[in-house]
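Trainee: The primary structure of each chain is shown beneath.
Number of protein chains: 4
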Amino acid sequence: MPPAHPFDTSYLRDMDDGDKLKEECGIFGVIGVDEAANFVALGLHALQHRGQEAGGIVSHHPEHGFQSARRFGYVRDNFTSQSVMETLQGPLAIGHVRYSTTGSKGQTAIRDVQPFFGEFAMGGAAIAHNGNITNANALRRELIERGSIFQSSSDSECIIHLMARSLQRTIPERMEDALRRVEGAFSIVAMTRTKLIGVRDPLGVRPLVLGQVGDGWVLSSETCALDIIGATFIREIAPGEMVVITDKGVESHFPFRPRKPRFCIFEHVYFSRPDSILGGRSVYETREAIGRELAAEAPVDADLVCPVPDSGTPAAIGYSLASGIPYAMGIIRNQYMGRTFIEPTEQIRNMGVRLKLNVNRALIEGKRVILVDDSVVRGTTSRKIKEMILDAGAAEVHFRIASPPTAWPCFYGVDTPQREKLLAATMSEEEMRDHLQVDSLRFISLDGLYRAVGEAQGRNDKQPQYCDACFSGEYPVEPSDQIESGFEMKPAAE
Amino acid sequence: MPPAHPFDTSYLRDMDDGDKLKEECGIFGVIGVDEAANFVALGLHALQHRGQEAGGIVSHHPEHGFQSARRFGYVRDNFTSQSVMETLQGPLAIGHVRYSTTGSKGQTAIRDVQPFFGEFAMGGAAIAHNGNITNANALRRELIERGSIFQSSSDSECIIHLMARSLQRTIPERMEDALRRVEGAFSIVAMTRTKLIGVRDPLGVRPLVLGQVGDGWVLSSETCALDIIGATFIREIAPGEMVVITDKGVESHFPFRPRKPRFCIFEHVYFSRPDSILGGRSVYETREAIGRELAAEAPVDADLVCPVPDSGTPAAIGYSLASGIPYAMGIIRNQYMGRTFIEPTEQIRNMGVRLKLNVNRALIEGKRVILVDDSVVRGTTSRKIKEMILDAGAAEVHFRIASPPTAWPCFYGVDTPQREKLLAATMSEEEMRDHLQVDSLRFISLDGLYRAVGEAQGRNDKQPQYCDACFSGEYPVEPSDQIESGFEMKPAAE
Amino acid sequence: MPPAHPFDTSYLRDMDDGDKLKEECGIFGVIGVDEAANFVALGLHALQHRGQEAGGIVSHHPEHGFQSARRFGYVRDNFTSQSVMETLQGPLAIGHVRYSTTGSKGQTAIRDVQPFFGEFAMGGAAIAHNGNITNANALRRELIERGSIFQSSSDSECIIHLMARSLQRTIPERMEDALRRVEGAFSIVAMTRTKLIGVRDPLGVRPLVLGQVGDGWVLSSETCALDIIGATFIREIAPGEMVVITDKGVESHFPFRPRKPRFCIFEHVYFSRPDSILGGRSVYETREAIGRELAAEAPVDADLVCPVPDSGTPAAIGYSLASGIPYAMGIIRNQYMGRTFIEPTEQIRNMGVRLKLNVNRALIEGKRVILVDDSVVRGTTSRKIKEMILDAGAAEVHFRIASPPTAWPCFYGVDTPQREKLLAATMSEEEMRDHLQVDSLRFISLDGLYRAVGEAQGRNDKQPQYCDACFSGEYPVEPSDQIESGFEMKPAAE
Amino acid sequence: MPPAHPFDTSYLRDMDDGDKLKEECGIFGVIGVDEAANFVALGLHALQHRGQEAGGIVSHHPEHGFQSARRFGYVRDNFTSQSVMETLQGPLAIGHVRYSTTGSKGQTAIRDVQPFFGEFAMGGAAIAHNGNITNANALRRELIERGSIFQSSSDSECIIHLMARSLQRTIPERMEDALRRVEGAFSIVAMTRTKLIGVRDPLGVRPLVLGQVGDGWVLSSETCALDIIGATFIREIAPGEMVVITDKGVESHFPFRPRKPRFCIFEHVYFSRPDSILGGRSVYETREAIGRELAAEAPVDADLVCPVPDSGTPAAIGYSLASGIPYAMGIIRNQYMGRTFIEPTEQIRNMGVRLKLNVNRALIEGKRVILVDDSVVRGTTSRKIKEMILDAGAAEVHFRIASPPTAWPCFYGVDTPQREKLLAATMSEEEMRDHLQVDSLRFISLDGLYRAVGEAQGRNDKQPQYCDACFSGEYPVEPSDQIESGFEMKPAAE
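Residue numbers (full-length UniProt numbering), protein chains in the order written: chain A, 1 to 494; chain B, 1 to 494; chain C, 1 to 494; chain D, 1 to 494.
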């Protein structure tokens, strides 16, 4: 049933959404501290860039049982007031921020906001995930046939129903049982009355890290959310690992058949925050290294290196340091944007990117400018930025892109346009340059990107070290539901 | 999981709630008209007295599928605006208003607001009920054991899960299958993509009527809701009957073992609107007849007959007509009450009934006054009204109550205080008179009430014609869940 | 500057507004009690029928100075919560409820909500009024010429500006000075830091009463608002009197030239609550007496006397008692109406009076029915009610109206349609009967009405005892602003 | 009367408010375009950094007259929707964003939100200002004595009342008349039905620029707001100039006695946006130049130059370019902050700056870090940042501040702590270094700052080229109201 719900949440989206890939979720969980939900709220605030549309927290208190709150909007606006937080008690809590929705025509009903909760015969469990279950539609059909009633369009609910029907006894055993039926790329935090559980899919596509705070334990999508609560970063959850954390400590399970890891390379490029650490590497330094690679691969004579704010900044700094061309803020971001406008007037709608960015006119005039951006998706923003820069009197505009051409959609928990909307799906680099009408346009090579993330030999084409499906079209997990809906994979021969 | 939800709905309750029995729900459904949800909204507005806390509508449109909206507050405030109603399209819709909740500690989560929707293998169905399933807890435990995940604390959800697991093929067959597992006193409206379904429990405790509007059909808790949409009253659904209405017409099923009907006698006294017709009798005229019976059973020499507004009005008119003592509005109701106050100040809280009622001082002064009320539940309001009347200078105060002493809680979809809170559970009529400190207090006899509703011979004690458990303690359906929770039935010998 | 304000308050109006005269304001003030604003909130709640659109309270605390809150909506919803009331401290407070606005095209800006506050050289004063200043436009023009800046379209503001510019020293002296420039029909409550002030215009058109509560004093539009706070009714403020109340007691001033009183007779018919006392008479009993007069003046053979709820009720009871024809509730009011719908759908809009009233079908069928209503303004509601009654199968419909034909607009603080919209302005009683298509239609005579309010000789045409301009067209205060805007007075010869 | 208003606007403030000087207002006006208010909304959005608490727009339409809307919160949230903007019609509009309030104990009532409107004998005028009238209290007292009624605590209202009482005929003449009574540092935009008026105080302390868009004219606090609407920057309004713009063009008046200009030097340091042009200089380039000056004045051996985001960024880039020490983002700002939390829990409150900033741990560890910030006000933030950097393992921390020590409050429209709260008011540079416990702390010299803004010879102490009272204690306009309230000026001898 398509939800007829009270809030039009479309205003929570950035005006340039169509022109960025967007991570769909951030997850966080804490056990063994006083008022765990407070920690979760802070952690989710630090993970807000992974999902700005809605958030939810479930906690468990020995006396009051499970408690939950789910809201549209920012963590900051929903999960900081006394009145809400005092309804989320106890030493154990998990939380979730989400960007958008799977399947519900671009709108989220509050019932689709995670964590998802289910009452089993042996007690309740809550679960939240980041990523995507690629056989969710098939599983859902099967479960409905058997008499399960779904209440949301969330993938997490499949796992809960599989667990409810499992023949195993304990919740962790039921979860292992359920996970073996599930395909996809996902990280999970879950909780029972006494356990915090974390899972990473066999390929480890989506991130999940373990931290320690006082006597308690933390699970988080990124390390930057450990920092905000003063937790110590212990290690990443291993691909295919399931950790069950109780007051006795952390126990590891490996429910899946072992596979070679394929971490999402785009987390390094854009999704993760620059102050997080991924695979032992500072994201900021990786992005600076991408800029240095770009300067080596695609040098150009110019007066200024300017980032497209804010995501292009570290790569622009790297490009400047490697090339010796001065770094400057040629484009200023209006810090009062972030969400788009509600029912805007015609005139506002037409403003587009000018509401958000302004050219530093006096600086740019007469200069040859290198603009560094993280990616080109549909190309609409790039084109408008180019026009603004030229209007301001720049002599030349050179685009340098900190990722290879995005030619394929991601089906692993990232909001991507349909393939035909991706500029690189239909145009060569040369054609894109003509389309954008800039003096030059260069993307980092796939090998260059692999080098920047630490693979000195570049990409191993036989056995790629990362998931780079959005660039290469090689999907490490078959997107079954998508293929069923008509998506055409890249021919093997290609 | 106890819901930690955003709205404190307690303000939606009347300040005198504790002192009235409250019907918990009204239901309404329409098939075969344009924009069926508009009719449902009007019908629910007319049934608002049966549930003021929240309301919901589900509709089905051939193209857009099932659509729903559920809101706290009045129908008038939620289901009349263009923007909401245009999301509820199609020729088939059902709706529900509810007063309070079963089991959730006095607060309703929005997910407990009906109609309840479930997706089955052969398509979806929505369901709403008025009444109570007396073995809901046991059914729920059994279903959870088998792996069903509940999303609400609503009884309706048991029926949906039973249907989801039924081995039968069609939805009506599955519903029959499910209903055979269910005990209690309830009326149901349900819908599939093409069918409107109505069910009344085997005893016919709760009302449900059938009407016709243009080429379409209507199901409603009361006839007053047929009037508002200009529908013609056709007949009551029979106790134990299940009607399945399609564009081919109305089909009758009788899934239950036949039993003698036991319609709720309190619907005549208080729950139903005076302009409804129950069992072929005008509710208003029945109440006037109760007043006449009372005048005959419990005459008293006095100057004025005054109703306790508004529910005592028809009985007071009857008493006046039978006794010849002039009828007068001795107590004036403030029409701007209806809901209570949000976080009231101490002083406001202490005002109690004075916020709602004021004595017509100039009229009352020096007079011997007969006050006619519909019932005495906890006696708190009666006591305050007595004080107000005496403060205003009345010479004598005589209470006449249009129902027998309410000595037992109702477990069939009515919000009643626990037994020990009922004044009549612990006191005789004489003791209540002393407690209320009035010059006289008389309740209509149970036989008198039966006569007023048309049973010339009064109550048939061997085979009572109505459910009168709240007066007699004789429960026609065993309240299993309640007994499990410690409720003590009246000893058989009593 | 026409206000561009955030709330469309039109939804606060009854759907039948166009068909009732509406009192525009209620006023209330208290001095000498703890937390005076709490008393004012309760008083305004009891006066809510005099103005449902908005309300305001100003209080004064020796330490915190003047405090105020002004809100759209019901008193109950705005002035009962701890959080609002704790911002309104001190032993002295005044308040105001308003129905609609003068001059602002049917919408009220929050700045037009009274009480109005001004800071003078010798301290601040707040003021609220009920009624109308008939030379407000001329005064306003004069004040603007002299350099006063108006912030609202409220008449009260003229008085504040006149006071600010007065050459007198004390605030009461300045108020006397200001009042001498003012023409119209109004009652005023005002306050300084230490004084509560009440004023009634020279003719005493609008009501104002004095009460005592503990050691404190109360001013109120009606006595029913004394009851709610447990205050004792002392006396009416005399026409032309100004009372200045301090902790030393009540002091009387008479700033105006003495005139014969002309109290508004329509307060008896409709505006005041039935449990109020006006001119020493119970409003309820007056209305019952009107019914008795009507029965004598306009008898008819019939089966039932039914009120048009709720305002026709006392007169219907009187008619029944005098005629011996049984009283019955033939029309039931839906108690969940009261305000109209927001942006209603087409279908809802077309429902009109059916959303609010339903015929008690079973009772009416085949009967000859007398319908008693308080007044006929535009006749639109009367016509719809007649249709509903006939649809329900009534054999005959006889209208009896508890006031004479309303043929002239009121300019003294009452919301009336323009003269050409008044049915009685263009039709005789006979023509109205034909227009409404009823079996008979009779209004009480003007003399009959005067008798019912206690003038045994009827109306003194040379020197009418009341203001009855709405019936007679004889305006006791010249409506200067209206004449300036083109209103044509009744020719003297008529 | 202290306002008892519905919104607690304190949540609109940054959590670090106490530690930044804050410009109090931005102003914008347009004449001669279709739907002028749309332009004003866009302009105010670009000026949002000058005032985040509330905004207002007044427009004038030949047919509908003056229209206005005033709201708390961001321009983006209030002035972009169709429904609001269609109430602001016509070719002429002015607007205002404000940060905080003068005199109302830290809270703004909606009536204090500008533009302020007044109706005069010859028509209405609206006015908005940025800055402060230093003799406002005295003027207000005088006006109240004469009988003016004030409705707000805004300085602008003094000007309106002076204009209302002026003996001159036209509104521009009356404004000149009024301005001659006014002392202070302010820029004004005002409008009549046909004229857009701009004024800058005689010293030109606050900025105001003139632009052209199509056939229309624009007044704005900064040039960055011309860019967003595509307007061309024409020139700055001269100190002491009043421009009156009609459809005939721009007319200049000079109502004040000529004085040497004293533009606010802090606009260059912090208040203005980096993409604005002030006094013919790019703000960004000035800030970069400040960084270069700082590198020359206060060099230090280190590994990284990091800005305190976002205001320290251009100076950090300049420092890096001049020193050759690599620039890096050592501190990452959470872009979902900006406003503080509503009723935060204890734990949230204690988080302070960590909610907003996180150290880029992997980058900082073991490094000697130069932190560049724009200013030090109370020092609380600087201290917390230092702790975070050291916690992350930095080897050394060196603070470089892009302005001289802030030792004096600003009384010209800037929100500054009281003098004793300013760190530099009670400590020498050395003491501040010890207080902050950093390895070194250096402020740019006052001469260095003058050089960076283009005064090659540095500051002319006899006749300073700028207002630098916050650094020097030399106030170019006597802060009369403040002195009256007890503020002690720096002794002349000092």
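FYI, nobody ran anything at the bench for these hints, they're computed from the structure.
A few of these clues could be false.
The calculated lysine to any residue pairs, modelled on SDA-like cross-linking and capped at a C-alpha distance of 25 angstroms, are [claimed, not checked]:
id	chain 1	residue 1	chain 2	residue 2
1	C	Lys367	B	Arg281
2	C	Lys367	B	Leu321
3	A	Lys248	A	Asp34
4	C	Lys367	B	Met337
5	A	Lys20	A	Glu430
6	C	Lys384	B	Leu321
7	A	Lys367	A	Arg419
8	D	Lys260	D	Leu446
9	B	Lys20	B	Asp301
10	C	Lys20	B	Met337
11	B	Lys384	B	Arg442
12	B	Lys20	B	Gly230
13	C	Lys367	B	Gly379
14	D	Lys367	A	Gly230
15	B	Lys367	C	Gly458
16	C	Lys490	C	Gly458
17	C	Lys367	B	Phe233
18	C	Lys490	C	Ser480
19	B	Lys367	C	Gly279
Predicted model, so just to flag it, every value in this text is computed and none were measured.
Trainee: With reference to the structure, classify each hint as holding or not holding.
Mentor: Status of the hints after comparison with the structure:
In summary, the hint linking C/Lys367 to B/Arg281 is supported, as the alpha carbons are separated by about 17 angstroms, within the 25 angstroms threshold. With a C-alpha separation of about 18 angstroms, the suggested pairing of C/Lys367 with B/Leu321 holds against the 25 angstroms cut-off. Note on A/Lys248 and A/Asp34: the hinted pairing holds, with a Cα-Cα distance of about 17 angstroms set against a maximum of 25 angstroms. Distance check on the hinted pair: C/Lys367 and B/Met337 sit about 34 angstroms apart at the alpha-carbon level, beyond 25 angstroms; violated.
For the given pair, A/Lys20 sits about 21 angstroms from A/Glu430 by alpha-carbon distance, which is consistent with the 25 angstroms threshold. Our distance criterion of 25 angstroms between C-alpha atoms is broken by C/Lys384 and B/Leu321, whose separation comes to about 30 angstroms. Only pairs whose Cα atoms come within 25 angstroms are accepted, and A/Lys367 paired with A/Arg419 is rejected, the gap being roughly 36 angstroms. Proposed proximity of D/Lys260 and D/Leu446 is supported: the alpha carbons are some 20 angstroms apart, at most 25 angstroms.
Restraint check for B/Lys20 and B/Asp301: not satisfied, since their Cα atoms lie roughly 28 angstroms apart, outside the 25 angstroms limit. For a cut-off of 25 angstroms, the pair hint linking C/Lys20 to B/Met337 stands: about 21 angstroms separates their Cα positions. A hinted pair counts as satisfied when its Cα atoms are at most 25 angstroms apart, and B/Lys384 with B/Arg442 qualifies at roughly 18 angstroms. At most 25 angstroms may separate the alpha-carbon atoms for a hinted pair to count; B/Lys20 and B/Gly230 exceed this at roughly 31 angstroms.
With a CA separation close to 39 angstroms, the supplied pair C/Lys367 and B/Gly379 exceeds the 25 angstroms bound. Taken as a hint, the D/Lys367 and A/Gly230 pair is honoured in the structure, with Cα atoms around 21 angstroms apart against an allowance of 25 angstroms. Note on B/Lys367 and C/Gly458: the hinted pairing is violated, with a Cα-Cα distance of about 30 angstroms set against a maximum of 25 angstroms. Distance check on the hinted pair: C/Lys490 and C/Gly458 sit about 22 angstroms apart at the alpha-carbon level, within 25 angstroms; holds.
Of the supplied pair hints, the one linking C/Lys367 and B/Phe233 holds, its CA atoms being roughly 20 angstroms apart against a limit of 25 angstroms. For the hint pairing C/Lys490 with C/Ser480, the CA-to-CA distance comes to about 14 angstroms; that is within 25 angstroms, so the pair holds. A distance of roughly 22 angstroms separates the Cα atoms of B/Lys367 and C/Gly279; the hinted pair therefore holds under the 25 angstroms criterion.
Checked against the numbered hints above, the structure violates hints 4, 6, 7, 9, 12, 13 and 15; every other hint is satisfied.
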